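With the hints in hand, could you dock these two chains into one complex?
Just so you know, the protein sequences line up as chains A and B, in that order. Letter 60 of the first sequence, counting from 1, is numbered 60 in this note's numbering, and no numbers are missing. Letter 289 of the second sequence, counting from 1, is numbered 623 in this note's numbering, and no numbers are missing.
Hints were generated in silico from the structure; no laboratory data involved. On a predicted model such as this, the values are computed, not experimentally measured, just so you know. We treat Cβ as the ideally placed atom computed from N, Cα and C, and that holds for glycine. Do not take every clue at face value.
[Stated by the list, open to error] Reference listing, derived: stretches of chain A covered by chain B, where coverage requires no fewer than 3 residues with Cβ under 8 angstroms from a Cβ of chain B:
no. : segment
1   : 63 to 73
2   : 98 to 109
3   : 117 to 127
4   : 168 to 177
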Amino acid sequence: MAENNSLVRVEKLVKHFPITQGVIIQRQVGAVKAVDGISFDIKHGETLGLVGESGCGKSTTGRTILQLHEPTAGKVYYDGEDLTTMGESDLRRLRREMQIIFQDPYASLNPRMTIGDIIGEPLDIHKIGTAKERLERVQELLNLVRLNPFFIKRYPHEFSGGQRQRIGVARALALNPNFIVCDEPISALDVSVQAQVVNLLEELQEKFDLTYLFIAHDLSMVRHISDRIAVMYLGKLVELADKDELFYNKMHPYAIALLSAVPIPDPVKERQRKRIILEGDVPSPAKPPSGCRFHTRCPIAQDICKVEDPPFEEKTPGHWVACHFTKKAQEEML
Amino acid sequence: MAVADLELNSSITQQKERSLWQKSMDRLLRNKLAVISGIFIILMVLVAVFAKQLTPYTYAEQDLIANNAIPKWMLFIMPEGAENYANFSDKFPLAADHLGRDLLTRTIFGARVSLTIAFAGSLVSLLIGIVYGMISGYAGGRVDNLMMRVVDFLWAFPFLIVVILLQTYFKAIASRSGGEGMGGAFINLNNQMGGLLFLFIAIGLINWLGMARIARGQVLSYKQMEFVEAAHALGANDTRIMFKHLLPNILGPLIVAETMAIPGYIFTEAFLSFIGLGVNAPTPSWGIMIQEGVQALRSYPNQVLLPAIALSLTTLAFNFLGDGLRDAFDPRQIDK
Ligand SMILES: Nc1ncnc2c1ncn2[C@@H]1O[C@H](COP(=O)(O)OP(=O)(O)OP(=O)(O)O)[C@@H](O)[C@H]1O
Ligand code: SF4
Ligand SMILES: [Mg+2]
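If we strip away everything but chain B, and leave its shape as in the complex, we get (with noise of 0.2 angstroms):
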């Protein structure tokens, strides 16, 4: 008899069961930058929720006599002959605006904005990219074909001026009517939330797109596999198909595309808002201190910087992230 015995003592008895997902997760856990950027972006989210436990004041606290307190230390980042005019007051400890308002207050209170825009954004874009490329790709033929074009017209329309004009059309009806009826609802509930809510359906329309064409593409692709095969074979059907060999398959690269896209989010939220379409005063966003801060530029810049610099080490942490998981992802590291 040829055939090989039980394999009893092949090597593999020895090593614990692993899965591509622990697999993936071990190699970017090796990854020192991804690592890092991981630790601050988990950081950053503590802040954020924490936000009200973390300051002693509120956001919108003004202190008129303060306005724009820097502490003595401070000194070192003002334009020069600064010491003549600055009006030194330690009760902020990272200075304060021109209101008067603790600025790190503020920083950390925007985290909460561009935070919450990364992670709505990114759900938003991968539920819609994921449930519109699937059935567009499963679907093939001329269903695909006419699913696509759509996607090219809407990646063609420069969705960023639709956006504004939208934008300075809601900001325009809410700053006149409480609102009635469901359009005003909708208002309302948007004021609510600080003028959240637009920004997240504006930044999940324009991002979905990206994310159904990598969705359909990979299913494209995984669809011919055998392993497909097989499960038709068996008699499997197109629920189960999408969902247990499909959609466990392509996730990786739609996650990985998802993290490198959510700078992007947070990037689009601060332009809007420093245009003054964004967040409503007083809601703290990074744009909308970047913008007030831009006006005293040149005699307080620390009021610039400490939002931007806060805008910037997200944003990178992101990248840096975004790289880990791709490289974490890739299929051609498998066995490594």
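Isolated chain A (complex conformation) (with noise of 0.2 angstroms):
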């Protein structure tokens, strides 16, 4: 799957978080396995999206391939340079270039710092241009997410979240970057606000030629801004594709359901559409069901399922899937 034009490739990552116990020494006494060997790139100036249901590895992706996390085994390469063996100072220059915009606006900025010293910030550690010419920057991007230059001696409390969101993504454009972690950017914020901020985002990818993972949970505003599209299950990629060709192709039983639940405009289809409700709840990353980790909740389970872990096997061209039996998941799901 390594294309020439990709710009991040994740080959493997996994991150464990560790579980100890004991007062004075500490034991390790297991591991929440919140990615567990996810492998995809992401194409130079594209839009991936990464959906799945709530504590199954998204953020913790993005925050790995970032080395904000440490990852626990696997490689992540920006631009063919490997970030997972880079020294302090190398991983300095790089983050210069990968950039990350939250999900809450409250936490996502400091509450004792102004407007100004937030978006500068980044102008600040870098060294960065001359204290006027950081000024000057700063009112540029204001600018650009469509804020008044004369709020930059504010502090964020003074501020709604939809402000906040694009204050965040500012800080996040100071150093020019190539690539951004949209870490569900809108999740948080009013329906009426998040399509604003979501038009700003596409917009700014058009001027500045980003690329992104965008993370979410909507999936009809992910099949909006993405060009792909990975499905997450418990640590694991299920099904990556083409967005059109997941929604109308879909394979794996998981993003089957999934998208069952996203209402389609066609009302004679909409009126046809079958809803599949899973059952039971998501397993703890910390003991993963064995073979196939669905197995527990997949409506066409088999016993294999419980033993074999299906590969992620590229099943027509650019349309990965994980599941043993994805004609059988066409036939009896849709």
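Rendered as structure tokens:
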């Protein structure tokens, strides 16, 4: 799957959070397998959507790619360079090119810093420009995200959620990055504001040729903004395809169930839409089920699913799925 | 284009920018009890600083003829029949003690001791506590675990007893020799400070543990916040994250806890002085004054009353101020 035009390449990435016990001497008694061996690439200039239920490891994936969490195993290549083995100073240089926008517009801005200081911090950290140039850049960034540069001395608590999210976007843009992880950037916002922020992100992508990893819950929003979509379940990717391919030719039972919740614009088809409600809870990532992780909830699971983990394979060009019975899934569930 | 245009007319253009510190200050100033307490403490500080200018007497000056003297108006707080034995004198506005020293002067100078203990004790425990707690919380994992077990261990240690033993030992040495070498220099310095140095050390050592726990807990909760992660993502180093992002956010609760702890420091000093292990005579401390006064409690209750009132009012003021600060820094109040 390693194509030449990929900007970010993730190979067998693993992130386990150790669970420790003991008062004085701590022993590791297990691990939360938040991300458990996933591979994909993100092409230059595209938006890759990443969807899945809460707790399946989406945020951890985004953060591990950016080396905000140290990966337990696996590789992350940015523009051909391996981030996982890189030294501090090289990584710091590359941090200028990779940024992140967070879900919670309240927690993502330091409440004790002014907007000017928050947006100017990246310039300060990387010692870019004089004080005056930095100020001009901050004003330019505020204009870019459609906030009044007049607000430069204000504090985050004086802004609404949507405005704060735009401040977060301005901070992420300050160093002219190429790649941005958007970790549910709109989930915490009012519906009326969501479209504004998404449109802003799209506009900025066009203007600056940005590449996004767009993490979300809301499937219709992901469909709107993404070029390709990856579906994640309990630390693993289960399906990855172009967005239209995924919507019209979905193969994995989990993806089929997830997408069955998305309304279809065509009223005739909408009436025929079969909603599949999954039974049971998501198992704990500390003790994932054997074999195919989805077998405890899969409506078409067979015995083999309990023992053999289905490989993540390219079933048709560009369409990757991890399931033993894709045919059966399409026949019985659609 | 669906993106909103420049929000030039947004309501927030009309307001003045206010930091969270300013907002907390506004809330504090709206709390009457806290404001009165604050003013009282400021007055006490001024009295302590200008003690020499405020009174014509010195705290050690004796007028043996006027021992236990009281002014006439004070009769109403004296026991029945006091007019038959009392030594009346209007030289001392709030009476004199058994050595004929002016009680008001001694109370004023006593404020010096109590307030110095309050501020030095806070400073020492805050500094050690913040450094220790922040390192522990920020490092996390094994280091954190180890550092906090040390705190737990010390917490269970009966420090007051150790302080009493050490003070007894130091006092014994100090009374025997002028002191040589390092230890001697230390003891000399302590004597020059009227016995305060050892008190600072003792009180600081007892109280940094609580501050370290609070600092660590605060760091643990803030270091998971997304703005700290954002700083990491931007390439900020640990020093920057500690000083720019964590410290300003954790300071509020620490200041509140420290203000609430001050009455404890003042009481510890008073207690140690009361049992004769605090400041050296004739340095007046409220604790020593109460101890001296207690011996004549039946005949001259006024001698206990004055330092006791000063002690109570001061500790009450710090408590009220602490309460006010806690409400003012309460994060749930932030938007009010
Ligand atoms: N720092 C951490 N330490 C321990 N466990 C963690 C940590 N961060 C995440 N986890 C665990 O890893 C799993 C995946 O979490 P993650 O935040 O990646 O999920 P998510 O898909 O982003 O969910 P959501 O949609 O709720 O944001 C969860 O079980 C979570 O409890
Ligand atoms: S491998 Fe089996 S259990 Fe897993 S999704 Fe496919 S059919 Fe269901
Ligand atoms: Mg998440």
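Evaluation of the provided hints:
For a cut-off of 8 angstroms, the count of residues in the segment 63 to 73 of chain A with a CB near a CB of chain B stands at 3, and the three-residue condition holds. Evaluation of the coverage hint for the segment 98 to 109 of chain A: fulfilled, as 9 residues show C-beta separations to chain B shorter than 8 angstroms, against a requirement of three. Check result for the segment 117 to 127 of chain A against chain B: holds, 4 residues qualifying (beta carbon to beta carbon below 8 angstroms, three or more required). Remark: the segment 168 to 177 of chain A is confirmed as covered by chain B, as 3 of its residues place a Cβ nearer than 8 angstroms to a Cβ of that chain, reaching the required three.
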